[in-house]
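**Q** Read off the chains here:
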Amino acid sequence: MENSQIIRIESLVKRFPMGKGEFTALNGIKLSLGQGEFAGLIGPSGSGKTTLLNIIGSLDVPTEGSVTVLGRSIGALSAGEAARLRKESLGFIFQSYNLFAVHTVYENVEFPLLLLKYSATERKKMVTDALDWVGLNDKIKSKPPQLSGGECQRVAIARAMVKKPSLVLADEPTANLDAANSHNILKTMVSLNRELKTSFLFATHDDKVISYLRRKIFLLDGRVDNDVIISN
Amino acid sequence: MKLAIKLAFRNLIGAGLRTWLNVIVLSFSFVIIIWLKGVMSGWDQQAKTDMTNWEIGGGQYWHEAYDPYDPFTFSDSHSPIPGEFRSEIEKGDMEPYLISQGTIYPQGRIQSIMIKGINPKQSIFMLPAHKLDTVMTDAIPSIIGSLMARNLKAGIGDRVTIQWRDNQGTFDAAEILITEIFTVSVPAVDQGQVYIPLDRLQSMMGLEGEATILTYRNSETPVVDVPGWTHRPKEVLTAQVDEMIKMKTTGQSVLYAVLLLLAMLAIFDTQVLSIFRRQKEIGTYVALGYTRRQVVGLFTVEGAMYAVFAALLSAAYGLPFLAWQAKAGWTMPVDASDFGMAIAQTLYPVYSAGLVVSTVLLVLLVTTVVSYWPSRRIAKMNPTEALRGKIQ
Ligand SMILES: Nc1ncnc2c1ncn2[C@@H]1O[C@H](COP(=O)(O)OP(=O)(O)OP(=O)(O)O)[C@@H](O)[C@H]1O
Ligand SMILES: [Mg+2]
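Residue numbers (my numbering), protein chains in the order written: chain X, 243 to 474; chain A, 7 to 398.
For reference, chain X alone in the conformation it holds in the complex (with noise of 0.2 Å):
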């Protein structure tokens, strides 16, 4: 259980600086993810959720505590050593999906793989891969403004996962979105997860994702307030 552990997290707090004073977004947080779980951050607006993971992922750097993403102290790493570990191991999916708008759907995709330097077959095959698994297979030369909201959430979430990353990040994936592709997209997920055993970590205050997850971590003024594993 222990090795298995993928994200640690000891005492974290994050401040910001605001006026004269500072703020404290994130005050004290314990917290450990293992391996292939399916969990999402919980909480009103301003709880903390996203500033959490941005400092899971690398993003941003804790003020005090420790964080470990995949063995490695976050707030110790170099600009370069940061964006290895986004680069080899994390994927994100965002509210607004933060696509490329002038590059097409398989250039979209196939991008995570250019940074990676796989060859140009390799990228082929993962490109198309990763697509069949989010059902877009038909719309690889569409550009992201041709593409309903559903397609592009799909677009990222193939993104995301055509390197096959140890933990994808995901902050408020279904906001933008209808029930019916809120829900497309959460089973896509949950069948990336058992089969890839990719773990996922979402932020959100959505009904819909938080009756997918199997872990609720919930978040009251930057502090866990509450830690539900649901065991089927």
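Any given hint could turn out to be false.
Stated by the list, open to error - Only pairs whose alpha carbons sit at most 20 Å apart, straight line, appear in this in silico DMTMM-like list of lysine to aspartate or glutamate:
1. X/K383 to X/E364
2. X/K329 to A/E241
3. A/K8 to X/E364
4. A/K396 to X/E264
5. A/K396 to X/E414
6. A/K286 to X/E414
7. X/K385 to A/E287
8. A/K252 to A/E241
9. X/K381 to X/D371
10. A/K12 to X/E364
11. A/K386 to X/E414
Unchecked claim - Some chain A residues judged to face chain X by a derived CB distance under 8 Å, without partners named:
12. M7
13. L9
14. N17
15. G20
16. A21
17. P147
18. K286
19. E287
20. T290
21. V292
22. G295
23. T390
It is worth saying that the hints were derived from the structure and are not from the lab. Virtual Cβ for every residue (Gly too), placed ideally from N, Cα, C.
Could you slot chain A with the ligands onto chain X? The hints should help.
**A** Coordinates of chain A with the ligands only, in the frame set by chain X:
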């Protein structure tokens, strides 16, 4: 780097119209800079060639008293042609001419002139001296330049009275008959100059066998030391033109700087705008595993790529245009003789490979710097704020 080039290419092609606007602006500056520089160096070459062909040949010997800027020296600046030069003069490889100050009276006006006696059979200068080779009893055949003709309001076949002082200081007058008017871009050959046959001037002045200046054809002719005469090599005689070229070069540099500045403004603007408008994209690059410095690199490559595209586009329409200009020349829309400087009406641009290569490299370099400059901001961006598009 290879990846950055690939991505930059995708981004630019994907951006469509915005890219092409920048590329077109840049490509105009490419072509205009090369064309202007070509015209200028064509002008410089022409100025030197014309000066050689019309005025100084391969070099000259001046009578030691002669000072072109002081007409009062003219009455003393003549000597018998030295014997050392006889054979060359006979071969036509050296031409003497005699200079005298005089006055011309066109239609009741009065104007000071330089009377130049030249050999009608000469072949060193492009002057149509053969038109002086007419025997006339009642007037002196003469040729003048078109500026001078306009000044005098005289045409071919007109007669004008000139006056001069001979060897003894006695004033004398006669009529000249204009037998030819020539057009030349060297003002010194035209303005205030009246050309008559050498032997006529010699006898008018009482200076048989004498000359003021000896011009030889070939600049490689060995220099002879002749007492009473000063050797003036071609380089010395063209120094003034060189000076003018240098001055022009300074003026041109300002012009190029302005042209380049305009093009760079477009690129700079695009980059600054990009960095604000593409914040989310920048954040996404970072989230997907780029360092911020790599994103700076990507944006810089994108900017530099505008110059590469522009160079290609310029090659497509610019090369034919430049080649056509070199052949057809560029005829100035205004009368060049009004400028009062050594410039031909039609200039033929001359381009060198060096000119093209250096212009391309310069624009590429400046574009890269201008793209890099605003992109440095990216390195200081907070990726989480960039992702939210919150940076002001
Ligand atoms: N860069 C920052 N500077 C200052 N304060 C910040 C910054 N980022 C977040 N905060 C503050 O920290 C608190 C937590 O923000 P966070 O974005 O993590 O909340 P959240 O739980 O994701 O909320 P939401 O559900 O609205 O997305 C908020 O009060 C927010 O204003
Ligand atoms: Mg949030």
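**Q** Going straight from one Cα to the other, do A/K252 and A/E241 come out at no more than 20 Å?
**A** holds (15 Å)
**Q** Are A/K286 and X/E414 close enough, with their CA atoms no more than 20 Å apart?
**A** It holds: about 16 Å lies between the C-alpha atoms, which stays within 20 Å.
**Q** A/K396 and X/E264: Cα distance at most 20 Å?
**A** Distance ~19 Å between A/K396 and X/E264 Cα, so the pair holds.
**Q** How about A/T390: closest beta carbon in chain X under 8 Å, or not?
**A** With Cβ-Cβ at 5 Å, under 8 Å, it holds.
**Q** Would you check the hint for A/K12 and X/E364, treating anything up to 20 Å between C-alpha atoms as holding?
**A** holds (18 Å)
**Q** Quick check on A/V292 please, does its C-beta sit within 8 Å of some C-beta on chain X?
**A** Hint holds; A/V292 Cβ to chain X Cβ min 7 Å, cut 8 Å.
**Q** Do the numbers back the hint for A/L9, that is, is its least Cβ distance to chain X under 8 Å?
**A** Interface hint status for A/L9: holds (6 Å vs cutoff 8 Å).
**Q** Minimum Cβ distance from A/N17 to chain X below 8 Å?
**A** holds (6 Å)
**Q** Take the C-alpha atoms of A/K396 and X/E414, compute the straight-line distance between them, and say whether it is at most 20 Å.
**A** holds (18 Å)
**Q** Hint A/K286 vs chain X: min CB-CB distance below 8 Å?
**A** For A/K286, the interface hint holds, since the closest Cβ of chain X sits about 6 Å away, which is under 8 Å.
**Q** Is X/K329 within 20 Å of A/E241, Cα to Cα?
**A** With a Cα-Cα distance of about 67 Å, the restraint between X/K329 and A/E241 is violated, given a limit of 20 Å.
**Q** Hinted pair, alpha-carbon criterion (20 Å max): X/K383, X/E364. Please report holds or violated.
**A** It holds: about 19 Å lies between the C-alpha atoms, which stays within 20 Å.
Violated hints, listed in ascending order, are 2, 11, 12, 17; each of the other numbered hints is respected by the structure.
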